[in-house]
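2 protein chains.
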Amino acid sequence: MEARAILEQYGITVDFAKINLVELQSDSLEQIARDKARSAFDSLKKPVIVEDDGLFIDALKGFPGPYSSFVFQTIGNIGILKLLNGYADRSASFRSIIAYTDGNNASISEGLVKGKISDIVLGGGWGYDPIFIPDGTRLTFAELKEEKNNFSHRRKGLERFAEWLLAVN
Amino acid sequence: MEARAILEQYGITVDFAKINLVELQSDSLEQIARDKARSAFDSLKKPVIVEDDGLFIDALKGFPGPYSSFVFQTIGNIGILKLLNGYADRSASFRSIIAYTDGNNASISEGLVKGKISDIVLGGGWGYDPIFIPDGTRLTFAELKEEKNNFSHRRKGLERFAEWLLAVN
Chain A
19 MEARAILEQY GITVDFAKIN LVELQSDSLE QIARDKARSA FDSLKKPVIV
69 EDDGLFIDAL KGFPGPYSSF VFQTIGNIGI LKLLNGYADR SASFRSIIAY
119 TDGNNASISE GLVKGKISDI VLGGGWGYDP IFIPDGTRLT FAELKEEKNN
169 FSHRRKGLER FAEWLLAVN
Chain D
19 MEARAILEQY GITVDFAKIN LVELQSDSLE QIARDKARSA FDSLKKPVIV
69 EDDGLFIDAL KGFPGPYSSF VFQTIGNIGI LKLLNGYADR SASFRSIIAY
119 TDGNNASISE GLVKGKISDI VLGGGWGYDP IFIPDGTRLT FAELKEEKNN
169 FSHRRKGLER FAEWLLAVN
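Those protein sequence lines, which keep their order, are chains A and D.
Just so we're aligned, residue 19 is where the first sequence starts under my numbering, counting upward by one.
Just so we're aligned, residue 19 is where the second sequence starts under my numbering, counting upward by one.
Keep in mind the hints are simulated off the structure, nothing from the lab.
Each hint should be verified, as a subset may be incorrect.
What the hints assert, rightly or not - Each computed DSS-like pair below joins lysine-lysine, with the alpha-carbon atoms no more than 25 Å apart:
1. K79/A <-> K100/A
2. K79/A <-> K100/D
3. K134/A <-> K100/D
4. K134/D <-> K79/D
5. K163/A <-> K174/A
6. K100/A <-> K79/D
7. K134/A <-> K163/A
8. K174/D <-> K134/D
9. K134/A <-> K36/A
10. K79/A <-> K134/A
11. K132/D <-> K79/D
12. K134/D <-> K100/A
13. K79/D <-> K36/D
14. K174/D <-> K163/D
15. K79/A <-> K79/D
16. K79/A <-> K163/A
17. K100/D <-> K64/D
18. K100/D <-> K100/A
Whenever a hint applies, use it, and build me the whole structure from the sequences.
Pasting the structure below:
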């Protein structure tokens, strides 16, 4: 729904396809998304985009990065806050990768939002939203609610992808 | 070298092959190892074993589990100790999966060592060895040095595999 609303503004229509895809284990979000897009195209035989995202914390050498989902399910936000205990540097970024392929053309578009990790869990949102404060506000993604979309890494990635797609067509 | 020494006792000879294999992203060590063994067989056309292992901490819902290597490279042992701060339950297990395939037959053999996470880093060994105390001792894997092999999850997995292989042949 998020992708549809954003891409609509560029005259691009998109449908959701539920397919089980195996995911590579890689420290590179790009590689994971590119490989998934190729598998999705092989199974659908239609142009596809695949989105993959992750939270990268500078003081933790990019942890949880490509394994953000597993880390959230195990140690959660409380775990992240514990790990950052005692670190002055709480800077982090949320990265979204949009991988596209239509069998001939392929592209990778990235959306990045810089920010920092909050001291406590703030707001009731999903995933890492309650602990991520994007630059330019004092609120977490969770507290920002609908306003989050103005900062969203996913929106940025989708917009870049749309611009690329319109340029090559 | 470790595998060769152990399998030799069963009359099984084994060579090391360096191949670049992509690794699945999965919460299941078995699935990762099985898939890698299949890829290795496809590329070598010879019977292969692939070993994958992980540290599973009970209080952290199995974290770092299949992503033990990435987690070690980012938050390291200090990160694990921080995460366990305040937990009375420090129980953990080291699991080793040996996946075998020769194109017709396939097997998965598991070696498991139960133990607990130490309060501080003890000994200068590799990976999580300085924070894992196997049941039956008061020393970490790192402090145990050569004696570690008596407790090793990898040895157990390889022995089970050897017994299976001799039984089916």
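Checked hints:
Proposed proximity of K79/A and K100/A is supported: the alpha carbons are some 16 Å apart, at most 25 Å. Pair hint K79/A plus K100/D holds up; C-alpha atoms about 16 Å apart against a cutoff of 25 Å. Pair hint K134/A plus K100/D holds up; C-alpha atoms about 20 Å apart against a cutoff of 25 Å. Proposed proximity of K134/D and K79/D is supported: the alpha carbons are some 14 Å apart, at most 25 Å.
Proximity of K163/A to K174/A is assessed by CA-CA distance (about 17 Å); at most 25 Å being required, the pair is judged to hold. Between the alpha carbons of K100/A and K79/D the distance comes to roughly 16 Å, so the proposed pair stays at or under 25 Å and holds. For a cut-off of 25 Å, the pair hint linking K134/A to K163/A stands: about 17 Å separates their Cα positions. Taken as a hint, the K174/D and K134/D pair is honoured in the structure, with Cα atoms around 18 Å apart against an allowance of 25 Å.
A hinted pair counts as satisfied when its Cα atoms are at most 25 Å apart, and K134/A with K36/A does not qualify at roughly 33 Å. Among the hinted pairs, K79/A with K134/A is consistent with the structure: their alpha-carbon atoms are about 14 Å apart, no more than 25 Å. Restraint check for K132/D and K79/D: satisfied, since their Cα atoms lie roughly 15 Å apart, inside the 25 Å limit. For the proposed pair K134/D and K100/A, the alpha carbon gap of about 20 Å is at most 25 Å, so the pair holds.
Under the criterion of a C-alpha separation no larger than 25 Å, the hint pairing K79/D with K36/D is inconsistent with the structure, at around 33 Å. Distance check on the hinted pair: K174/D and K163/D sit about 17 Å apart at the alpha-carbon level, within 25 Å; holds. The hinted pair formed by K79/A and K79/D meets the criterion: a straight-line CA distance of about 23 Å does not exceed 25 Å. Distance check on the hinted pair: K79/A and K163/A sit about 28 Å apart at the alpha-carbon level, beyond 25 Å; violated.
With a C-alpha separation of about 44 Å, the suggested pairing of K100/D with K64/D is violated against the 25 Å cut-off. Taking the CA atoms of K100/D and K100/A, the gap is about 6 Å. The hint holds against a cut of 25 Å.
Against the hints set out earlier in the document, violations occur for numbers 9, 13, 16 and 17.
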